[in-house]
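Which chain is which? The protein sequence lines are A and B, in order.
Letter by letter, the first sequence follows residues 1 to 244 of my numbering.
Letter by letter, the second sequence follows residues 1 to 252 of my numbering.
Bear in mind the hints are in silico, worked out from the structure with no lab data behind them.
Be a bit skeptical, because a hint or two may be false.
According to the in silico footprint, chain B covers these stretches of chain A (three or more CB under 8 angstroms from chain B) [to be verified]:
| no. | region |
| --- | --- |
| 1 | 52 to 59 |
| 2 | 81 to 88 |
Here are the simulated SDA-like pairs of lysine to any residue, each with C-alpha atoms no more than 20 angstroms apart in a straight line [to be verified]:
| no. | chain 1 | residue 1 | chain 2 | residue 2 |
| --- | --- | --- | --- | --- |
| 3 | B | Lys41 | B | Leu221 |
| 4 | B | Lys191 | B | Leu222 |
| 5 | B | Lys246 | A | Tyr123 |
| 6 | B | Lys246 | A | Leu106 |
| 7 | B | Lys245 | A | Leu85 |
| 8 | B | Lys88 | A | Pro160 |
| 9 | B | Lys245 | A | Pro86 |
| 10 | B | Lys164 | A | Leu96 |
| 11 | B | Lys191 | B | Lys245 |
| 12 | B | Lys164 | A | Asp186 |
| 13 | B | Lys246 | A | Glu92 |
| 14 | B | Lys245 | A | Tyr123 |
| 15 | B | Lys164 | A | Leu56 |
| 16 | B | Lys191 | B | Ile235 |
| 17 | B | Lys241 | B | Phe177 |
| 18 | B | Lys41 | B | Gly60 |
| 19 | B | Lys164 | A | Gln27 |
| 20 | A | Lys29 | A | Pro204 |
| 21 | B | Lys164 | A | Val198 |
| 22 | B | Lys41 | A | Leu233 |
| 23 | B | Lys164 | A | Gly55 |
| 24 | B | Lys88 | B | Ala180 |
| 25 | B | Lys246 | A | Pro102 |
| 26 | B | Lys246 | B | Glu236 |
| 27 | A | Lys29 | A | Val198 |
| 28 | B | Lys246 | A | Ile143 |
| 29 | B | Lys164 | A | Ala142 |
| 30 | B | Lys164 | A | Ala15 |
| 31 | B | Lys164 | A | Pro204 |
| 32 | B | Lys246 | A | Leu85 |
| 33 | B | Lys41 | B | Phe216 |
| 34 | B | Lys164 | A | Pro86 |
| 35 | B | Lys246 | B | Lys191 |
| 36 | B | Lys164 | B | Lys88 |
One side of the interface only, derived from the structure: several residues of chain B facing chain A at Cβ under 7 angstroms [said to hold, decoys possible]:
| no. | residue |
| --- | --- |
| 37 | Glu121 |
| 38 | Trp122 |
| 39 | Gln149 |
| 40 | Glu153 |
Virtual Cβ for every residue (Gly too), placed ideally from N, Cα, C.
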Amino acid sequence: MSSIDIHIANKTFNADGRQHCAIADLQIKIEPNQFVCLVGPSGCGKTTLLNIIAGLDSQFQGQIALTEQARQPQIGYVFQNPRLLPWHTVRENIELVFEHTPPAQLIDSLLAEMQLADVQDVYPQRLSLGMQRRVSIIRAFAINPDILLMDEPFVSLDAPTARQIRNSLQNLWLQRPHTVLFVTHDLREAIALADRLVFLSASPMQVVGDIAVTIDRQQRNDAEQIEQFRQHLLQHFPAINSLL
Amino acid sequence: MFSRFLRHPQTLAALSLLLLVALWQLAATLLHSNTLPTPIKVATVLWQAIASGELPYHLGATLLRLISSFTIAMVLGCGIGVLLGRHKTLDAFFDNWLVIFLNVPALVTIILCYVWFGLIEWAAILAVVINKLPNVIVTIREGTRTLNQDLLEMAQSYRFSRRKTFVHVIWPQLHPFVMAATRSGLALIWKIILVVELLGRSNGMGYQLHLFFQLFDVASLLAYTVAFVAVIQLIEVLILKPLDKKAQRWRR
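The shape of chain A in the complex, shown without the other chains (with noise of 0.2 angstroms):
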């Protein structure tokens, strides 16, 4: 469990031999165990973001603060693309990720979870592109994190397999709560997931739209009550449209 404060002041990028800005005095704060969709058009600079939460990137203005008592939180990252190590079988890459022995129970469980028990053995580049996905998925989760960050995990998978995987992410979610970003252009699947929508506009990103959603989380497979919210949000908040 952490709360993030995000403050950037300046991120720039250097795109030949002239500067760009990627983001501008953005400011967002995130409240522990809370559930953050990003919602914004391609190639705003979300996943600069995820990466700059992550401490992948250090090469910008302002200060992320991360807070969990006297330890550095753990930050488990699903990646775009899933990045398994091809030479590795899946249950290895998931071992991997430990420092000490892994939890083989609760690989176990997860593994069941997400469907994956029988391949657990085999080499990703065997898998299919949704289970190399789900992988991914566990393996942020198995490390229990203080802090998930997810960025368009179902992007190019088909709509049952990305209902499947997002019915098991919401479920593992309950069982074992923790902050979670997550990165996403598609205000469906923003809705069914977030306790939280922040609408992010195209570079320099700033933040145009905060907003909770409030249906239950029992109801959250119900496609009518997810368009019924959409349909409220696009007439309320017109300035959404332009951005998806």
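With chain A fixed as given, assemble chain B onto it according to the hints.
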């Protein structure tokens, strides 16, 4: 049925080898000269050289030099190659050195080593290492440049230790390059070692070949060559191939 028999790769290899020996036998019979002994004569000489212990002794001396110089060159080359591949400034600074050392003729390094350090064992090894090292560095540097940034980021975000990152993320990606450096390295080193031995050692294959040249003993020369080629083939089949297979098992 015969064509199916031919399709077996091992039978094919055996047949081609047999053909080579037959051609050799034919040529030797036709020429009937001391400069081209028959395969049977060479086999007899080979057997005698093994039985007398002379061939194992000299072959052993050469192999020992091969192993020590190869190990030193590979370890140093991998370390420096990774370093240069990861640090652009270092690479830009030392690139000229590499180009120079790559282009100094092997014979020059050998002579210089002997002139500067004397006709001693470690000067011989040093000469071989200096000849091989730049090749290893260049190959491993190329490998390091192609390291997958995505996987390195994954390792960083999951806080892999340096050791874990090297063993599980970097090394498997470098493996094909290390194998390439190994193969080309063995081929290069054993050719250089013979020259090193010929110029300044009193044992080893190179020394013996020089002796046979002076005695015009072509049968012994060919017998030693056969033994040497057989040993190199054994290294390929027994060590390199299994290593390759093990490292490739995850590929589709």
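Problem set entry | List of violated hint numbers, smallest to largest | Result: hints 6, 8, 11, 12, 18, 19, 21, 22, 24, 25, 28, 30, 31, 35, 36, 37, 38, 39 break, sorted rising.
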